[in-house]
Amino acid sequence: MALLEVEAVHAYYGNIHALKGVSLTVDEGEIVTLIGANGAGKSTTLKTISGLLRPRQGHVRLANEDLSAYKPHQIVAKGIVQVPEGRRVFGRLTVMENLEMGAFTRTDGKEIRQAAESVFALFPRLKERQHQVAGTLSGGEQQMLAIGRALMARPRVLLLDEPSMGLAPALVDSIFDTIKQLHATGTTILLVEQNARMALQVADRGYVLQTGEVILSATAENLRSNEMVRKAYLGLT
Amino acid sequence: MLRRVLESLSLTDSFMWLTGGAIVAVIVVGSAATLSMGRYSGRHWFDFIIFGLAQGSIYALIALGYTMVYGILRMINFAHSEIFMSGPYTACYVAMALSRSGFLESQPILSLAVIFIVAMAVSTVIAVLLERIAYRPLRTAPRLVPLITAIGASFFLQYTFRGLYGSGFQAYPDIRMLQGAWLLGPLRILKIQVVVILAAALMMAGLYLFIQRTRIGKAIRAVSEDKEIAALMGIDVDGMIVRTFVIGGMSAGAAGVLYALMYRQVHFFMGFIPGIKAFTAAVLGGIGNIPGAMLGGVFLGLFESLGPNLFLDGLGVPSPNQLKDAIAFIMLVMVLIFRPTGILGERLAEKKA
Ligand SMILES: Nc1ncnc2c1ncn2[C@@H]1O[C@H](COP(=O)(O)OP(=O)(O)O)[C@@H](O)[C@H]1O
Ligand SMILES: [Mg+2]
Chain A
156 MALLEVEAVH
166 AYYGNIHALK
176 GVSLTVDEGE
186 IVTLIGANGA
196 GKSTTLKTIS
206 GLLRPRQGHV
216 RLANEDLSAY
226 KPHQIVAKGI
236 VQVPEGRRVF
246 GRLTVMENLE
256 MGAFTRTDGK
266 EIRQAAESVF
276 ALFPRLKERQ
286 HQVAGTLSGG
296 EQQMLAIGRA
306 LMARPRVLLL
316 DEPSMGLAPA
326 LVDSIFDTIK
336 QLHATGTTIL
346 LVEQNARMAL
356 QVADRGYVLQ
366 TGEVILSATA
376 ENLRSNEMVR
386 KAYLGLT
Chain B
8 MLRRVLESLS
18 LTDSFMWLTG
28 GAIVAVIVVG
38 SAATLSMGRY
48 SGRHWFDFII
58 FGLAQGSIYA
68 LIALGYTMVY
78 GILRMINFAH
88 SEIFMSGPYT
98 ACYVAMALSR
108 SGFLESQPIL
118 SLAVIFIVAM
128 AVSTVIAVLL
138 ERIAYRPLRT
148 APRLVPLITA
158 IGASFFLQYT
168 FRGLYGSGFQ
178 AYPDIRMLQG
188 AWLLGPLRIL
198 KIQVVVILAA
208 ALMMAGLYLF
218 IQRTRIGKAI
228 RAVSEDKEIA
238 ALMGIDVDGM
248 IVRTFVIGGM
258 SAGAAGVLYA
268 LMYRQVHFFM
278 GFIPGIKAFT
288 AAVLGGIGNI
298 PGAMLGGVFL
308 GLFESLGPNL
318 FLDGLGVPSP
328 NQLKDAIAFI
338 MLVMVLIFRP
348 TGILGERLAE
358 KKA
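Sequences listed follow chains A and B, in order. Using my numbering, the first residue of the first sequence is number 156, and each one after it goes up by one. Using my numbering, the first residue of the second sequence is number 8, and each one after it goes up by one.
Honestly, the hints are just simulated from the structure, not real lab data. C-beta atoms are modelled at their ideal positions from N, C-alpha and C, and glycine is treated no differently. Be aware that a few hints might be false.
In silico PhoX-like cross-links for lysine-lysine, where the CA-CA straight-line distance does not exceed 25 Å [unchecked claim]:
| no. | chain 1 | residue 1 | chain 2 | residue 2 |
| --- | --- | --- | --- | --- |
| 1 | B | Lys234 | A | Lys233 |
| 2 | A | Lys226 | A | Lys282 |
| 3 | A | Lys226 | B | Lys198 |
| 4 | A | Lys282 | A | Lys265 |
| 5 | B | Lys331 | B | Lys198 |
| 6 | A | Lys335 | A | Lys282 |
Computed, partial: chain A to chain B, Cβ under 8 Å [stated by the list, open to error]:
| no. | residue |
| --- | --- |
| 7 | Gly176 |
| 8 | Thr180 |
| 9 | Leu207 |
| 10 | Arg243 |
| 11 | Phe245 |
| 12 | Leu248 |
| 13 | Met256 |
| 14 | Phe259 |
| 15 | Ala308 |
In isolation and in its complexed conformation, chain A is listed as follows (with noise of 0.2 Å):
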């Protein structure tokens, strides 16, 4: 049984229907990851699934329960959890604020201490400057912070927008080394990237979504090896 389950979603800003019918699911513990050219409707995807925007038609799930009745702020209580689309950690806030407001879900002051002592191990540069705001942060420690913050909920599927964006290549590489990390500690996780080359190497399974649709759905292996992925996503012959 899938852990979280989109069903021919559609959704709409206005007038314009940027999500033609998604389906997708995601296991427990696995990594999934969501490809496909800008404006495809990726981010539209990950707002659909956090409540931000509500599907006109389908259904989101989270282990079976139906979430359209649920505001954003009670999806993430109910464990999902999303890293948007570039960064966006609270400026004026200091690092470890960020941190705090990542674990808003949760009351147990000492449980909250150790999940920021979790993170710091993740990424000890964010514990050198626990008492910085985060605006002074540089573009990785921000990405870091702002994944950093998400796990802070303890969620049971974290939704990352494109985490490797912007980013210097030795950035991105150490960003999928965290993802793979995760993985292996058993977070499921949904990955949508545009660095598909990335993503596929890290990803159990992948969807291809263009302009609002899914148009292939295969383990991240036989996307890899697929023709229209290698030469639209790979930039490879």
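Given chain A, put chain B with the ligands in place with the hints provided.
For chain B with the ligands alone, kept in the frame of chain A given last:
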């Protein structure tokens, strides 16, 4: 070099700088003249300063509501002056009942507590209803729409309270404990002013700690910065907006009681002038900035209290105190022209608007 600078100056720019320069010149020359005249003794200046601090701390408490609501919704809640009026006006009737029963006389501290609680509760309820009924449905409307609604709500509340309590001035019962003065060596200091300053300082310190240190305070700051992301962190955005209005209502209600105790009367229109002054203070400190609002309020109170005598007396202006409102608003205009982001403000306009 100089020529290029001159050419790049537009007509309005030069006019603004000239006006600003003239005002600064008046202030400098006037102050020098007043001081050399020696008409006011140190004791007078001390009185002006204490009065300015008391008046300023009331502005500061009101300004907090403007600035926090602006911070979280990017709108000026023009009905905030009526939130300020509604609490102490209602509590006035409680105070009169307490006074008639003799309770006010025998238990002044307890009575004051009751008056504060009633006023803060009424102001808070009005603030929360306003958010719920007038502003929340317009959350996604263009920015001008809630602004106009706020002005409408302001009139609606004024006339509702006029209908409820009448259009006359209502005297606040005397609280004997707060009357009279303490002597500090050669200086006399009015008890009520000390009480106002201390009470306001205490509330502001509490509020600042709440916003800085507590989980809810941090969440309010997070929502002020980015609502969508705050929601993605599991923060109930609407809940934090309501809490912001609660804080604004509580501080406005408390400020209203302090104001009523100082001036000993209430009126359905009593919020108007302090409201505009507090808005000025919030802009002065950098709207959206909480310490800025506190600083702006105190600064405006002092400026208003010292300004007329200090700047204008020496220039031979008759009864300069009648010009204190004008002085406050000239300062607002100056700030808007020369430093639109306020004293502590960041470039909010560019980043968020
Ligand atoms: N806030 C918005 N308002 C209107 N249209 C939008 C908005 N956000 C995205 N879109 C449109 O929806 C489509 C999908 O966008 P998005 O999900 O952001 O794509 P991706 O994340 O795959 O790059 C695009 O055509 C985009 O222009
Ligand atoms: Mg996107």
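Output the indices of the hints that this structure fails to meet, ascending. 2, 3, 7, 8
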